[in-house]
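Asker: Here are the chains, one letter per residue:
There are 2 protein chains.
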Amino acid sequence: MQDADREARHQARMARKKAIIDAHIAAADEERGLLLINTGNGKGKSSAAFGVLARALGHGMNCAVIQFIKSRSDTGEEAFFRDHPRVKWHVMGDGFTWDTQNDAQDRATARTAWEQAVGYLRDPAIDLLILDEFTYTLKYGWLPLEKVSRELMSRPEMQHVIITGRAAPEGLIEIADTVTTMDLTRHAYHAGVKAMPGIEW
Amino acid sequence: MQDADREARHQARMARKKAIIDAHIAAADEERGLLLINTGNGKGKSSAAFGVLARALGHGMNCAVIQFIKSRSDTGEEAFFRDHPRVKWHVMGDGFTWDTQNDAQDRATARTAWEQAVGYLRDPAIDLLILDEFTYTLKYGWLPLEKVSRELMSRPEMQHVIITGRAAPEGLIEIADTVTTMDLTRHAYHAGVKAMPGIEW
Numbered sequence: 001m002q003d004a005d006r007e008a009r010h011q012a013r014m015a016r017k018k019a020i021i022d023a024h025i026a027a028a029d030e031e032r033g034l035l036l037i038n039t040g041n042g043k044g045k046s047s048a049a050f051g052v053l054a055r056a057l058g059h060g061m062n063c064a065v066i067q068f069i070k071s072r073s074d075t076g077e078e079a080f081f082r083d084h085p086r087v088k089w090h091v092m093g094d095g096f097t098w099d100t101q102n103d104a105q106d107r108a109t110a111r112t113a114w115e116q117a118v119g120y121l122r123d124p125a126i127d128l129l130i131l132d133e134f135t136y137t138l139k140y141g142w143l144p145l146e147k148v149s150r151e152l153m154s155r156p157e158m159q160h161v162i163i164t165g166r167a168a169p170e171g172l173i174e175i176a177d178t179v180t181t182m183d184l185t186r187h188a189y190h191a192g193v194k195a196m197p198g199i200e201w
Numbered sequence: 001m002q003d004a005d006r007e008a009r010h011q012a013r014m015a016r017k018k019a020i021i022d023a024h025i026a027a028a029d030e031e032r033g034l035l036l037i038n039t040g041n042g043k044g045k046s047s048a049a050f051g052v053l054a055r056a057l058g059h060g061m062n063c064a065v066i067q068f069i070k071s072r073s074d075t076g077e078e079a080f081f082r083d084h085p086r087v088k089w090h091v092m093g094d095g096f097t098w099d100t101q102n103d104a105q106d107r108a109t110a111r112t113a114w115e116q117a118v119g120y121l122r123d124p125a126i127d128l129l130i131l132d133e134f135t136y137t138l139k140y141g142w143l144p145l146e147k148v149s150r151e152l153m154s155r156p157e158m159q160h161v162i163i164t165g166r167a168a169p170e171g172l173i174e175i176a177d178t179v180t181t182m183d184l185t186r187h188a189y190h191a192g193v194k195a196m197p198g199i200e201w
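Line order of the protein sequences matches chains R and Y. For what it's worth, the numbering used here labels the leading residue of the first sequence as 1, then goes sequentially. For what it's worth, the numbering used here labels the leading residue of the second sequence as 1, then goes sequentially.
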């Protein structure tokens, strides 16, 4: 009998919870393209974007990815997605600032990649655009935030955009719909583990 | 001339930075399977796991996914991954506690899904195992943490495991290699936007 009582109380509590949650879901009825930002120092900013890419492809969407810093083309994500008929994949970086050691080159590279992005931001056939490691172009002043914001805000109404990278500037966060800060609670790298293929790249 | 000076200083600074970073990379030389946890209240816990899944598949790995809470099979991620020859995909949940409203059923469901997980945790042919929304089985006491930890720690040496879900218990975090806390900075849902296909599911 005690168990039956316990189950009945559980059932009543969950029914009340469900009513609240259902009301919240019903209230969220707007449909539009979203601007998502994945920032912070933890692992998962780019991989969360690539997970959403898989999700969007599963729904039949057309997608594009521009990698702003990365220059290597041997990553697992590229090998996996690049031949998909509904993905356009662009590796447009030259590596990190400490790899290039050339500020003028970094700026020129960022501008070229941004021109590619603008093409997609004006194309309503693109349902999801991922600007991977894009925040660094703003952080280092390679691209002007005001111009970038204007272009993002005037994109097609149903187009989703995901921007990843550390230290997203406040001006970008202000215009975003969903912002996740990936906090580094712990990272295997700091315990002496190599960047493992399949996990880190 | 000023520009050339500036470039030279930039180059010298970046060369020093690169030396430090290269030394750190050289010091991280251990190779082994990792236990990753994606927790917190923000968006990106499951999608980061699915992004790593794409990455691992791109490197030719064999992978398995068990969804512990989700009962729906119409998600974009499942549509995208389920037919891949190197992915085993299991939707083993009954929905959230407020959907089932039945504690005994929730416990039985969690136990069945865990048995499936144990099969993979003892199989060295599985390179990456994702236990999606698994933390809830511990949070609600459906599975004993000690038994779960023991099984995770005795898995094959090179097997990677990713656990997702809010409120990962301290005992699980202690045995993990990489832990990211996805903090909710902002979510479109709270601004009245519906859960958009391709982004949220």
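Check the hints yourself; a few may be wrong.
Since copy identity is lost for identical chains, a pair holds within one copy or between any two.
List time: in silico DSS-like cross-link candidates among lysine-lysine, alpha-carbon distance up to 25 angstroms [as the list claims (entries may be wrong)]:
#1 LYS17 to LYS194
#2 LYS194 to LYS88
#3 LYS88 to LYS147
#4 LYS70 to LYS18
#5 LYS18 to LYS88
#6 LYS88 to LYS17
#7 LYS147 to LYS18
#8 LYS194 to LYS139
#9 LYS17 to LYS147
#10 LYS17 to LYS70
#11 LYS147 to LYS70
#12 LYS88 to LYS70
#13 LYS194 to LYS147
#14 LYS70 to LYS194
#15 LYS70 to LYS139
#16 LYS17 to LYS139
#17 LYS139 to LYS18
#18 LYS18 to LYS194
Hints in this document: simulated from the structure, not taken from any laboratory. Keep in mind that this is a model prediction, so the values were computed, not measured.
Asker: Does each hint fit the structure? Answer for all of them.
Answerer: So, going through the hints one by one against the coordinates:
1. LYS17 to LYS194: Classified as between; 19 angstroms across copies, 45 angstroms inside a copy.
2. LYS194 to LYS88: neither (30 angstroms within a copy, 27 angstroms between copies)
3. LYS88 to LYS147: Within one copy, since 24 angstroms is at most 25 angstroms while 45 angstroms is not.
4. LYS70 to LYS18: between (45 angstroms within a copy, 16 angstroms between copies)
5. LYS18 to LYS88: neither (41 angstroms within a copy, 32 angstroms between copies)
6. LYS88 to LYS17: neither (43 angstroms within a copy, 33 angstroms between copies)
7. LYS147 to LYS18: The answer is neither: 44 angstroms in one copy and 31 angstroms across copies each exceed 25 angstroms.
8. LYS194 to LYS139: Intra 28 angstroms, inter 32 angstroms, cutoff 25 angstroms: neither.
9. LYS17 to LYS147: For LYS17 and LYS147, neither the intra-copy (45 angstroms) nor the inter-copy (31 angstroms) Cα distance is at most 25 angstroms.
10. LYS17 to LYS70: For LYS17 and LYS70, only the inter-copy Cα distance (18 angstroms) is at most 25 angstroms; the intra-copy one is 45 angstroms.
11. LYS147 to LYS70: For LYS147 and LYS70, the Cα distance is within 25 angstroms only inside one copy (23 angstroms; across copies 41 angstroms).
12. LYS88 to LYS70: Answer is within: at 16 angstroms inside a copy they meet the 25 angstroms cutoff, but 31 angstroms across does not.
13. LYS194 to LYS147: neither (39 angstroms within a copy, 29 angstroms between copies)
14. LYS70 to LYS194: within (18 angstroms within a copy, 33 angstroms between copies)
15. LYS70 to LYS139: within (16 angstroms within a copy, 39 angstroms between copies)
16. LYS17 to LYS139: For LYS17 and LYS139, only the inter-copy Cα distance (17 angstroms) is at most 25 angstroms; the intra-copy one is 43 angstroms.
17. LYS139 to LYS18: This pair counts as between: shortest inter-copy Cα distance 19 angstroms, intra-copy 43 angstroms.
18. LYS18 to LYS194: between (45 angstroms within a copy, 17 angstroms between copies)
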